[in-house]
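Go ahead and model the full structure; you've got the sequences and the hints to work with.
These are the residues of each chain, in order.
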Amino acid sequence: MHGKLVDMVLTNSIDRRALADLLFQLADDELCIGHRDSEWLGLAPDIEEDVAFSSIAQDEVGHATFYYELLAELSDCSADALAFARPANERRNALLTERENGDWAHTIVRHFFYDTFDALRLEALADSEYRPLSEGVAKIRREERYHLLHLHLWFVRLGGAGGEARKRMEFAIDQLWSDVGGLFSWGAWEEELLTKKIIPVSSFELQHRWQERVRPVFAEAGIPWIEDLQQPEKDGRVGEHSPEMDRLLLDLSSVYNLDPAAQW
Amino acid sequence: MTVMIHDPDLIEALQDVKDPEIPAVSIVELGIVNLAERRGEEAYVELTPTFVGCPALDMIRSEVEKRLAKVDKVEKVSVQVVMNPPWTSDRITQEGRKKLTEFGIAPPLQDMEELHHRVPACPYCGEVEGDVHNLFGPTACRAIYYCRRCKEPFEGMKPA
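Chains as they are written, first to last, in the UniProt record's numbering: chain A, 1 to 264; chain B, 1 to 160.
Hint data in this document are derived by calculation from the structure and do not stem from the laboratory. The structure displayed is predicted, hence computed values, not measured ones. Careful, some of the hints might be misleading.
Reference listing, derived: stretches of chain B covered by chain A, where coverage requires no fewer than 3 residues with Cβ under 8 Å from a Cβ of chain A [claimed, not checked]:
{"#": "1", "region": "34-45"}
{"#": "2", "region": "53-61"}
{"#": "3", "region": "83-92"}
C-beta: ideal position from N, C-alpha, C; glycine also.
The structure is reproduced here in structure tokens:
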């Protein structure tokens, strides 16, 4: 159905593995952040945010489903098995997306950092030579802009509010900053992906763009900018994860594991 | 973009298939039918979701299969979900926009540029002075606005 570009990619097993690895990064990121969003259901600070985070969760999990379905076409596994049955060391999401929800400031900071990154990643992938991906991305971008608008608003509002809100924002930024560097990695196959133009932009460039975009928002929120991004201790893009990921997977897959062969 | 030639009988039948979350509007009026054509005895349909994670799509697909199976000279129905060309809120037809308003949902503002913070006219009184109450609503494709004349919230489809 997707034409000859699929065949081009699939003829070479290295390229095929590189492509699958990229799709897992996208799918696992969206599934983890979507799951974390869904955990706010009934607990968000007000009813509007309950609605907003449910809606955002639904979008993110929907995007994950789209990526898992592309993966299912490349493999013998169903999208459900790929989403629910893979152990933590096969997951390719960045650590930032698996972290447990802290307070509201922690959630806002994490999501704003991630959404800004995701917007830049999607902007790049819109030019991917792998057409099934670039077509889906064109659509997904139109949805993600709403998330970013919303999270930007909260980030600036809480930062600018001063007092306890500001204190909590700064604490959350401190906590999360060491995870930010882990977002930009394209994983073990960056070189192959760049050569095949499946990704048009390097991880280095992606990180540079992220800093350029986030720095003015810190200024807008009245929060001092932090120059250095660190290399992460654990790289989620190659399957290294925190204990928080094990707990996330246990929760996420609890219904699936009751009967993995069940038809839904 | 390639211009798709729809089969008129199939399109007429698809007017009977409604969005399960907005039963006043057909999937043709909503603009999610990319293609409906006959391939011999097969009816071939391409649908594209309003939002990628739209949970109504599976239900819509099975309604399409059921409805088209009843069309003359159709022996088999195939439904594909595609992302290209993507749905945009500008694809809702004039008839669709009218029916959305009658149903109590403001149709989306047109021309995407910087529309996210603008407010459509209230579907109940037509007042254009309103506020964005929540960019997110009861379904992925809707937002919640507030009408300053009715002093009530209302739903609208998001420009997307």
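Against the earlier hints, flag every one the structure doesn't satisfy and list their numbers going up. 1
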